[in-house]
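A.B. asks: Work out the full structure, taking the sequences as your base and the hints as a guide.
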Amino acid sequence: MKIAVLSGKGGTGKTLVSVNLAAAAKDSMYVDCDVEEPNGHLFFKPEEVKSRQVAVEIPLVDGDKCTGCRVCVDFCNYNALAWIGGELKIFDEICHSCGGCIVLCPEKALKGKEKVVGQVQRGKSEGVTVFTGMLNPGVASGVPIIKELLKETGGKEQIFIDCPPGSACIVMETVAAADYCILVAEPTLFGVHNLSMVWELVKHMGKPCGVVLNKCLEEENPAEKFCAEKGIEIIGSIPFDSELGLLNSNALIAVRENAKYEKLFRDLLLRVTREVRP
Amino acid sequence: MKIAIPVDEKSMESTVCQSFGRTPYYLFYDTEGGTSEFRDNSASASQGGAGIRAAQLIVDEKTDALLTPRCGENAAQVLRGAGVKIYKTINNSVRDNIEAFKEGKLNELKKIHPGFHNHRG
Chain A
6 MKIAVLSGKG
16 GTGKTLVSVN
26 LAAAAKDSMY
36 VDCDVEEPNG
46 HLFFKPEEVK
56 SRQVAVEIPL
66 VDGDKCTGCR
76 VCVDFCNYNA
86 LAWIGGELKI
96 FDEICHSCGG
106 CIVLCPEKAL
116 KGKEKVVGQV
126 QRGKSEGVTV
136 FTGMLNPGVA
146 SGVPIIKELL
156 KETGGKEQIF
166 IDCPPGSACI
176 VMETVAAADY
186 CILVAEPTLF
196 GVHNLSMVWE
206 LVKHMGKPCG
216 VVLNKCLEEE
226 NPAEKFCAEK
236 GIEIIGSIPF
246 DSELGLLNSN
256 ALIAVRENAK
266 YEKLFRDLLL
276 RVTREVRP
Chain B
64 MKIAIPVDEK
74 SMESTVCQSF
84 GRTPYYLFYD
94 TEGGTSEFRD
104 NSASASQGGA
114 GIRAAQLIVD
124 EKTDALLTPR
134 CGENAAQVLR
144 GAGVKIYKTI
154 NNSVRDNIEA
164 FKEGKLNELK
174 KIHPGFHNHR
184 G
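In order, the protein sequence lines correspond to chains A and B.
Going left to right, the first sequence walks through residues 6 to 283 as the numbering used here numbers them.
Going left to right, the second sequence walks through residues 64 to 184 as the numbering used here numbers them.
Worth double-checking, as some hints may not be accurate.
Said to hold, decoys possible - Covered stretches of chain B (chain A as the covering partner; in silico rule of three or more C-beta atoms under 8 angstroms from a C-beta of chain A):
#1 115-127
#2 131-143
#3 150-163
Just so you know, the hints here were simulated from the structure itself, not pulled from any lab data.
Note that the structure is predicted; figures quoted are calculated from it, not measured.
We put the beta carbon where it would ideally sit given N, CA and C, even for glycine.
C.D. replies: Here's what the structure looks like:
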């Protein structure tokens, strides 16, 4: 089963939940798709790490063949090409490497060249295979790295995908690969606003989901209220406690340090497993 | 000389738009004939690279100079590549800036920002 851990906004606890679920499952795989700022590896500290570069294809122009017809300039949705002073100018960092310009060029003046956009790393931490995507700074889209990561998410029964925050293209890519989605929510109005967006996305993509309430206090929880209103299943809650906060900020995996948290995440894992395979 | 200014409305009384790439309209003004023409900015709703597309529009109009409060790096590359001079506007008034330009009182825009690229926050 592939479990995607999502949240509308950053800092709600996606990494806390996915790292600890993967650790609680013991024989599992943790996939860090938050490629702009992957931090699951800081907790797992994987060994025997092997990395591989990920490249995309961007256009390169042959100035002798280009006639300035501008088919490519007009086609590009991201405006990565411009025709200036009798020359085609390509903005590499704007290009999303769809390859459309290369296909459409009537003069065959464009061909692909490789551009390295980041890397994927694979290592081990006890029984957990830790798979991390890392996007190079300044690169427009992490989608190619996520595609590369998801291609190799086989071989384990239990796979936990730590998703990027938000609900944009990059998140859709990870949701598409999942059997079940865990939405991590924090008890703030801003958190609920973004939870609502990611829930809409998951619903639209037809994926079953449940909410984990994080940073729970005694007082009224707007996220809980939202779930009750929309009929969304709450599959677990994590208290707002300083002991857990301290472990987490020291990059320790709570499940491996403290029996109380091991039980909390094992119970959550059982619940998720039941949701996926009733 | 043909100059371009990003404007909020299709009127000589309009204010200068604070964004070059995503302005709704451009005013093209001919300093010799005193004629003006307003054009929609087809780049304003672009997913990305609005500055590049907008600059392409300015270049295609055979503009000699652009008067703008700000300009991003990519747009500046396109404009400079085509020899379009970029001047910094002095205030929000279209008329004031045209007059200042005619009198040679506008300075070239030196500060080119690295672009917002959807990270406006």
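A.B. asks: Give a verdict on every hint.
C.D. replies: Verification of the supplied hints:
1. Against chain A, the segment 115-127 of chain B contributes 5 residues with a C-beta closer than 8 angstroms to a partner C-beta. That satisfies the three-residue criterion, and the hint holds.
2. Counting residues of the segment 131-143 of chain B whose beta carbon lies closer than 8 angstroms to any beta carbon of chain A gives 3, which reaches the threshold of three, so the coverage claim holds.
3. With a threshold of 8 angstroms between beta carbons, the proposed coverage of the segment 150-163 of chain B by chain A is violated, since 0 of its residues qualify and at least three are required.
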